[in-house]
Amino acid sequence: MLLQDVYLLAFSGLFLILLTLLVQWFIASSTKASQADAIPGKISDNLSHDSFVFRAHRTFMNSLENLPLMLGTTFMAILISANPLWTGIFVWVFAIARLIHMALYYAIATEKNPSPRTYFFMLGLLSNVALLILCFITLI
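In numbering that gives the first Met the number 0, the protein residues as written are 0 to 139.
In short, the hints are calculated from the structure, not lab data.
None of these values were measured; they are calculated from a predicted model.
Ideal Cβ placement from N, Cα and C applies to all residues, glycine included.
Warning: the hint list may mix true and false statements.
Unchecked claim - Here are the simulated distance ranges between beta carbons:
1. F14 to H48: 27 to 33 angstroms
2. L18 to L78: 20 to 26 angstroms
3. L63 to Y118: 18 to 24 angstroms
4. I79 to L46: 41 to 47 angstroms
5. F25 to P115: 19 to 25 angstroms
6. Y105 to S80: 34 to 40 angstroms
7. S47 to F74: 17 to 23 angstroms
Could you build the full structure based on these sequences and the hints that come with them?
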């Protein structure tokens with residue numbers, strides 16, 4: 000059986016994660032570029048959660064901060080032949096948690112901590128930790 004068949008669930012979740020990142024990039028870039036006096040690569044220090052430009056930028060940056068660990072853990076799981084079902088489940092939990100996190104970050108302008116998006120950030124983090132534990136168990 001081909002690797003793509005064995006890990007189809009994980010690969011489809013990875014596709015959604017990467018597609019989400021691409022959408023976030025376009026939204027963050029286009030909203031920032033539409034601002035008067037926009038400077039490429041720089042976001043105004045005066046912006047905060049009440050600004051959609053800030054929230055779109057932070058959503059994208061937050062995904063960039065979280066993605067390397069998830070991608071590394073996922074590829075490690077696949078390369079060491081970790082359980083395909085659990086690998087796929089953890090990848091999909093992360094993907095859905097990141098989508099909901101994104102939607103909440105776009106919709107709710109709050110400085111409150113924890114905010115509703117925090118719970119989905121934590122769910123994504125926990126799925127990543129669970130996948131890392133699965134890798135460890137597979138290795139031993």
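Ascending list of hint numbers which this structure does not respect: Result: hint 7 breaks, nothing else.
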